[in-house]
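*Asks:* Going down the list, the sequences are from chains A and X.
Heads up: the first sequence begins at 1 in full-length UniProt numbering, then just goes up one per residue.
Heads up: the second sequence begins at 1 in full-length UniProt numbering, then just goes up one per residue.
There could be a bad hint or two in this list.
Output of the computed footprint for chain X on chain A, the stretches with three or more beta carbons under 8 Å from beta carbons of chain X [what the hints assert, rightly or not]: (1) 179-186; (2) 581-589.
Here are the simulated SDA-like pairs of lysine to any residue, each with C-alpha atoms no more than 25 Å apart in a straight line [claimed, not checked]: (3) K628(A) / Y234(X); (4) K449(X) / N365(X); (5) K360(X) / E291(X); (6) K63(A) / Q658(X); (7) K549(X) / E9(X); (8) K63(X) / S57(A); (9) K74(A) / P653(X); (10) K449(X) / A499(X); (11) K128(X) / R652(A); (12) K74(A) / D36(A); (13) K59(A) / K656(X); (14) K450(A) / E537(A); (15) K656(X) / I107(A); (16) K656(X) / L123(A); (17) K628(X) / P167(A); (18) K59(A) / N639(X); (19) K119(A) / T159(A); (20) K566(A) / L432(X); (21) K352(X) / A31(X); (22) K168(A) / Y621(X); (23) K538(X) / E19(X); (24) K450(X) / D357(X); (25) K59(X) / R49(A); (26) K168(X) / E631(A); (27) K168(X) / Y630(A); (28) K628(X) / D245(A); (29) K121(X) / R652(A); (30) K128(X) / M34(X); (31) K635(A) / S210(X); (32) K566(A) / A497(X); (33) K13(X) / E510(A); (34) K50(A) / P653(X); (35) K63(X) / T661(A); (36) K50(A) / D60(X); (37) K635(X) / R620(X); (38) K440(A) / G314(X).
Calculated directly from the structure, the hints in this document are not laboratory data.
By construction, the Cβ of each residue, glycine as well, lies at the ideal position given by its N, Cα and C atoms.
Protein chains: 2
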Amino acid sequence: MEPLDYLAEERNKASFDVEEMKIVWAGSRHAYEMSDRMARLVASDPVFRKDNRTMLSRKDLLKDTLRKTAHAVKRTVELNLSEEESMTLWSYVDQPSYANLHWAMFIPAIEGQGTEEQKQKWLPMAYKMQIIGCYAQTELGHGSNVQGLETTATFDPETDEFVIHSPKLTSSKWWPGGLGKASTHAVVYARLRTNGQDYGVQAFIIQLRSLDDHSPLPGITVGDVGMKFGSGAYNSMDNGFLRFDHVRIPRNQMLMRVSQVTREGKYVRSDVPRQLLYGTMVSVRQIIVSESSCALSRAVCIATRYSAVRRQFGSQNGGPETQVINYKTQQSRLFPLLASAYAFRFAGEWLKWLYTDVTKRLKANDFSTLPEVHACTAGLKSITTSATADAIEECRKLCGGHGYLSCSGLPELFAVYIPNCTFEGDNIVLLLQVARILMKTVAQLASGKKPVGTTAYLGRVEHLMQCHCEVRRAEDWLKPSVILEAFEARAARMSVACAQTLSGFSNPEEGFADISSDLVEAAVAHCQLIIVSKFIEKLKQDIPGKGVKTQLENLCNVYALSLLHKHLGDFVSTGCITPEQGALVNEQLRSLYSLVRPNAVALVDAFNHTDHYLGSVLGRYDGNVYQKLYEEAWKSPLNDTDVPDGYREYIRPLLKQQIRTARL
Amino acid sequence: MEPLDYLAEERNKASFDVEEMKIVWAGSRHAYEMSDRMARLVASDPVFRKDNRTMLSRKDLLKDTLRKTAHAVKRTVELNLSEEESMTLWSYVDQPSYANLHWAMFIPAIEGQGTEEQKQKWLPMAYKMQIIGCYAQTELGHGSNVQGLETTATFDPETDEFVIHSPKLTSSKWWPGGLGKASTHAVVYARLRTNGQDYGVQAFIIQLRSLDDHSPLPGITVGDVGMKFGSGAYNSMDNGFLRFDHVRIPRNQMLMRVSQVTREGKYVRSDVPRQLLYGTMVSVRQIIVSESSCALSRAVCIATRYSAVRRQFGSQNGGPETQVINYKTQQSRLFPLLASAYAFRFAGEWLKWLYTDVTKRLKANDFSTLPEVHACTAGLKSITTSATADAIEECRKLCGGHGYLSCSGLPELFAVYIPNCTFEGDNIVLLLQVARILMKTVAQLASGKKPVGTTAYLGRVEHLMQCHCEVRRAEDWLKPSVILEAFEARAARMSVACAQTLSGFSNPEEGFADISSDLVEAAVAHCQLIIVSKFIEKLKQDIPGKGVKTQLENLCNVYALSLLHKHLGDFVSTGCITPEQGALVNEQLRSLYSLVRPNAVALVDAFNHTDHYLGSVLGRYDGNVYQKLYEEAWKSPLNDTDVPDGYREYIRPLLKQQIRTARL
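In isolation and in its complexed conformation, chain A is listed as follows (with noise of 0.2 Å):
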């Protein structure tokens, strides 16, 4: 027999090649093709169900991450795979564990901050993992101010060794990714004491458990920090705290690419220059905006699918209501968010190629793009985690009541997602160093320096000043270049006016302090036209496919103009558009909508996403979602017995008016 498709009709309405589409939203035929196989793998993989996660005690889901992730390691040997195919397998297992920091932080730190010996000793045992290690920088009363950190590394020339000591209690390291239970070791920030002097924030190698049984090493305190938002989620992650009591270290575990403190115990810093640490952040960064678009592609992927499925109101002559997507509300709602999903990938892909750049330079000691690549990058994080975080929420709404639903799949999605927003770099504070460089580009334009990369636009600032929109008919809003020019003259105008407010204060540190909200909307500004641009940019490429092209251009005018309906006050109080044309937008988007609405299934299947690691009932690729919702709800603990646990102590005395009496 052959296999129901609920969604099979929508399917044959689209009018593109899908599989094309697939080697595109990858990148290539390639990467589509490695990375259909490792999702595979997995899916078809016992150890890594994931369907019962919400349900498992903290305890239990510890053991299951620390299972899932032995069992990562082990497939990885005996299959051979390369570190790309590795690297693939372990995000399609779709669950924090400590081994992510291990390998994205602990690791890189050791690269990027020890010297030759220090990685040759190191190192090798890290990638092996013969030793465990996590990245603990912040705090219990420090996040984003590395500089305001607590805890001192005091060198004792007597010994060669330095005291690592949390002197007080907001000293205590705290967040750091499997620090709690999992790390043998830790990559440690701490002041730097030595000769009576504070040299500022270091970094340090430090073994926290004993190799042999696991115990926390003597003058250590470390555990795991409590129950964080949701239920699976990031609880899978034993996020930890530290404390240390005078901990002795060796001098040569202080990472000393970048200073060094000598055996006398002088600190001297070497002639590597510091810019050279910003490459990590900017790799980070990158990750986390291309891996945005999978987290928004999941939500956007279950929405579309459900709101195809889901019929409510309009039914005529007693025959089926209305799917749910054809209704207006709902599709200016959602396709944008499919809008960006694609919008960010492409940012995403082109950030990776920035990042390649960029450390081609630094190998050259060409330092000339790393501020704008920088704020590129923070920038970019930024909107693309909060835009991310704001859209699964929306698709869980868009997805109704039963979007409440653990089985949906959205509510751990959301869950595992935000802390996105806050880690490497508050979303806020990113966007005001955003601002900053902004600033500062717009302050040098006076002395003709000549902005570049990503705040080239800004060259043309004249133009842009007093540019105006040509738009007439809604169809013209269709042109790149006539959006290109409006969010560049929104971007520019905003800035400008924030710099000429900021010139009326004498004092410009207090000047960016009270106007930054209106700083962080430039920075905003100038970051969605980067996507937006990029996008363009991507479509100026050679697409094959019959099709594929067509509906990525409607995809990025939605992108565009949805932004800027979102936006008008901008566009409109700055004059870069009139309230007519604004309301031209909103006509162009609505056959914009209509555009999208038959090839929606068909877009958020080039996704490509297995049912394993969307993880949602109402996501199915099979669009058997009623089905599927009875039976997992028979998966309920509850359900385990007719008459719950607690009838008879809580229940009873109330029917049989025995409450007064009842022992509670």
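Please build the complex by placing chain X on the supplied structure of chain A, with the hints as guidance.
*Replies:* Structure of chain X alone, referenced to chain A:
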């Protein structure tokens, strides 16, 4: 020893009488005192502990709910509490329970739709909780559209019974709170069939479980729908599913106030006006609006206190860092939410009055104001719950990383709150209902029909379509009349624009569907106007207490102007204000934030939330945040042992390089 108060300095800064503000918030001195008494009663009772709730398994959590419910009933009896006291006590217990549905839905359904005879039979048992009931309306495949329900109730004249049946899987009752495990009875909505005809959806009282041993009766399949969003939160509730296999009930268990089925099986409609049924809906939604200010005030209280405790950046000469609440970015996100809490409080107060008023009118068979009252409660339910859900998450973000810990209280508050956006009318569906009334009102203007109540301003539509905002300096934005006219003009112009677009469609229903997103935006504008205008009206009253009124005036301005800034596109593109006037809004907001800043902590103290009710380490009254975070962390189940469960099987083989041979 005096207890430490880390926030004492903040409290000293306040320039108003907090005790008087508490009375304003509570609504009256009586309400304040009663509420304070109940809050302390709950907080001091160990049975009502909730600090371990997010760590309980689903079964233990339900058992905990059953226990708390029975205990609350017992305390009500022992202390001889009034209905008001008992309800308030229950609200402070702060745990979703089957009892909510019994009292707020099952009993009112019988009261509203039962005949005198039916009320005499069922209500005494229900009041004494000799039976426990729930409200079974929504089905697996049918939520908002009640007319689409599939469960059938077929009259059998032979036996004078109805046969209740679930013909399809999608007709399974799904979601009703209390249905899964606790309820013995339900008011069930089903399609009435008699004499071979379908008479649409009617309500029936049906027994589900044996009163002897609580087992489901023959033909009844009932259970829990499974895990929902978050840990703790709404998982304390046994939302259920229910299927009928030809279950027979006597004819007199159809609720027959409005329509009857005779002994012969004839369907008869009584002369009781169906509009009376709307009264219940208005009542329930009015309560939801009131509760939105409770939930919002809790989130805002937590975020405000912790923003005053938390310091980040800005240390000068080694001194303490800057309190996060001093940053303008923090203020511009937090203070509008603080203002919203007060705004929604007063909107709720006013709605309560409106409900009393309409109840009186209904009793006198005056249905004239009903459509407007209905639209008004629907609209306010929609925008207050949506804003509150978003605000809770925003408050979590405002607490940085620590807001992600369950012990911050914010994750659970969010998870437990968000169903408000979906139940009792999906928020978008409700806004479309509001839009329908607005379109009707605008259409009737031509015929000279005078709009009433909250739509009265549309009677001045000619003026509002051409008026010009007179703001020249930022301070001009402090005039209530200026604010009010801007909001009225915006709402009127958006409604009129929609009405004009609609008139271009030959099929009005198609037009309505096509521009439904614009209609939703017009409805939002209308509802925001209501809240702004009710806040302004409140301030026309005599409000005693040093500085109390001044604070409320500041908050009213913050509320209105932050909305104006957020929806600037609406105001500027409809020509209600100029871009320059929009910029002055921003300037005035900055000044207002400076006025709110020193009073912020006192303004959240005025909510009079106990630490028990807040359930947040970050929101503690004494501000002793870090010590308590550390103590809470130790309670994590993972900290029961130094070495985690799973170490030997899944970590050690990795470290010892024995993964190939490990059995995982």
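*Asks:* May I ask which of the numbered hints given earlier this structure violates, with the numbers listed in increasing order?
*Replies:* none
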